[in-house]
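Student: Spelled out, the chains give:
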Amino acid sequence: MKGALAVCWRDVLKFARQPIVMVSTIIGPFLTLVLLGSAFGGAITLAPIAVVRESYGPYSSSLIETLRNEQSCQLGGINCQNSFRLIDVPDLDVAQQMLHTGTVRAIVHIPRDLDDSLAAGAKDVITVTLDNTDPLSTAAIGPEIVQASQSVSPGIQTFGISTSNATINLEFAYRNVLYIEFMAPGTFVQSIMFVSIIAGGVQLVVDKERGIIEGYLVTPLKKHEIVIGVLLSGVLKSLFSAVALFILAVALTGIRPLSIFPTPDPVGIILTMFTLFLTALGLIGMMTAYAVRSTSADLYRVTCFPINLTLYYTSGAIYPLDGMPQWMKEISVINPETYAVHALRLLMYKGVGLEAIATDFIFLSAFTVLMVALAIVAFRRGL
Amino acid sequence: MDHLDLEIKHEVFGLLGPNGAGKTTLQRMLVTVLSPTEGTATVAGADIVREADKVRERIGVVTQASTLDIELSALENMNLYGMYYGIPRSQRQEKIAELLKVVGLADRAKIPVSGYSGGMKRRLEIVRALVHEPQVLFLDEPTTGLDPQARAAVLEYVKRIHEDHGITLVITTHYLDEAENLCDRLAIVDHGKIVALGTPAGLKREVTGGDIVEADFSTLTDTVLKVLEKSDFVLKIKKRDGGLTILVKNGAEAVPKIVGLVDSNGGRLRTITLRELTLDDVFLNVTGRSLRD
Chain A
1 MKGALAVCWR DVLKFARQPI VMVSTIIGPF LTLVLLGSAF GGAITLAPIA VVRESYGPYS
61 SSLIETLRNE QSCQLGGINC QNSFRLIDVP DLDVAQQMLH TGTVRAIVHI PRDLDDSLAA
121 GAKDVITVTL DNTDPLSTAA IGPEIVQASQ SVSPGIQTFG ISTSNATINL EFAYRNVLYI
181 EFMAPGTFVQ SIMFVSIIAG GVQLVVDKER GIIEGYLVTP LKKHEIVIGV LLSGVLKSLF
241 SAVALFILAV ALTGIRPLSI FPTPDPVGII LTMFTLFLTA LGLIGMMTAY AVRSTSADLY
301 RVTCFPINLT LYYTSGAIYP LDGMPQWMKE ISVINPETYA VHALRLLMYK GVGLEAIATD
361 FIFLSAFTVL MVALAIVAFR RGL
Chain B
1001 MDHLDLEIKH EVFGLLGPNG AGKTTLQRML VTVLSPTEGT ATVAGADIVR EADKVRERIG
1061 VVTQASTLDI ELSALENMNL YGMYYGIPRS QRQEKIAELL KVVGLADRAK IPVSGYSGGM
1121 KRRLEIVRAL VHEPQVLFLD EPTTGLDPQA RAAVLEYVKR IHEDHGITLV ITTHYLDEAE
1181 NLCDRLAIVD HGKIVALGTP AGLKREVTGG DIVEADFSTL TDTVLKVLEK SDFVLKIKKR
1241 DGGLTILVKN GAEAVPKIVG LVDSNGGRLR TITLRELTLD DVFLNVTGRS LRD
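Sequence lines, in order, name chains A and B. Going letter by letter, the first sequence gives residues 1 to 383 in the numbering used here. Going letter by letter, the second sequence gives residues 1001 to 1293 in the numbering used here.
These are computed hints drawn from the structure, not numbers from a lab. Idealized CB from N, CA, C, for every residue including glycine. Mixed in with the good hints, there may be bad ones.
To be verified - Only some residues are given here: those of chain A computed to face chain B with a beta carbon under 10 Å: (1) Ala6; (2) Arg10; (3) Gln18; (4) Tyr216.
Please construct the entire structure, taking both the sequences and the accompanying hints into account.
Tutor: Structure (structure tokens):
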């Protein structure tokens, strides 16, 4: 076992002496977190909307005023800003042209008889035309216009959406989680994957090419000691990167995991670390098995890119699994990153205990055992 | 490898041969990386097939391509090797300090190896293989890619290691001067077989007649070549770029004869020189081609 520690120590020393490698395993996922996390999931604000007003009574004035003041906040309820920027357009045709050219995202058409109808206690229809070539804006703007309209008069019917007299009371089970928080667990897993590919696998292929592995074999080191050393160093390196990223994310992007805030929870921290450990050992095992059987470093690098992308995007790291087509869901079921992301998300934002993530642990453990076994077999045969 | 039979004593032993002759393959078998398909060998008293573990503990290996970790210092590189051999820390540190002094790297021991010259790297690699005090040290092309000065230094240290530490050295090389100056005995390997075996001087003596004439031509005709090949004072002829290398019985008598024959057969000589035998000539004699081919 001393031999395994020596092999591990070499890898760790090399990792520490190659700051570029070390940083690249942290900075890549960190950029993904900051850029993707900030670009996506933010509230749509100041969306330009054309208002074609043909009725000039109190109801229509009130509607326009409400729309003007309708605020949209990020999911966390911070930095609220006006959702819409209203542009008065005298003519429906002109408004449609503006929608077509992308000058406005939507048209609110207030019909000539609106004030009269509402004053008479009747119902009337306001047509809201949405630019649904931009599905995300459409999804955000549509409901907000409806909400604003209905607060003016229950008699207003926005086109295509019928109102009922039932009141729906929404309650939130947890605090609001920002999109950047939602996607953070995936980036931690990503940093582990980066270490597995770059600092684990690539180094192994290069060592093989340079004859360092053969150099091991003329010493009394046993093959199992070499593979254990490689796996152990991989786990240490990836935990280092994942934890560094975690700290960076908490410090710089305002992510607030329950295991740390408001008070640190040792159980939560231990479970989080254990999830990261299992994920690291499984992914390192997988990439080691692959690397040791790879014949060239270039081929290895090129093939790792699609492997990484597939695992990341089908893990539910950046979008809910529910929103995926069936074929992606099927990949996600056998994707270890899915279980890692799920467990981390529950631990970070729901503060759950072991029982809630037991399934994730069972899958990750099985995957890890399988991959470590595969790595050992590949090492025996590949060298 | 083709059924070779060889005994290496406590000596500096050279494996000489052209690229692809099988030197490295032979060495890789002896250091237990490759298993022989048949037969076996005993290295440092242990069988390479049945007792590979024991062999590994008793040998040191310096491979052709560098396996140093250039991001790490000399001290760290050596320390890791000591750890692979399970040498206790205090013993390790003492031995490493001593060895680094031997090859003149003590004052640079703590800087990353990436800042070393080619010769320094080689020296470090050689002493790294000595951390566990092996009985046999295998060196595969130890001076390849070094400039003459660095080569000389490396060879100097290799010699000293043999003399001071009493280690058996097995060196593969394709440098003739290296083999000649360094090795007590040599095996010339070609096509996986040993084609000649003996001391450098002894091998040269085996080449009967034993003089070499180098003739450069401005005009070399086929007739000249044919006539020379038929002459009884010529033992062997080898064509090379711009001239001929001719192995003759007696150099002093042969030169005027060659000059006469060339003249009378329409050839024109530029230079003709008589020189001493080298191992290349030995190789030429046993294989019919040059080591450089």
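Student: So, for every hint listed, does it hold in this structure?
Tutor: Each hint, compared with the structure:
no. : hint   : verdict
1   : Ala6   : holds (4 Å)
2   : Arg10  : holds (5 Å)
3   : Gln18  : holds (6 Å)
4   : Tyr216 : holds (7 Å)
Hint check: no violations occur; every hint is consistent with the structure.
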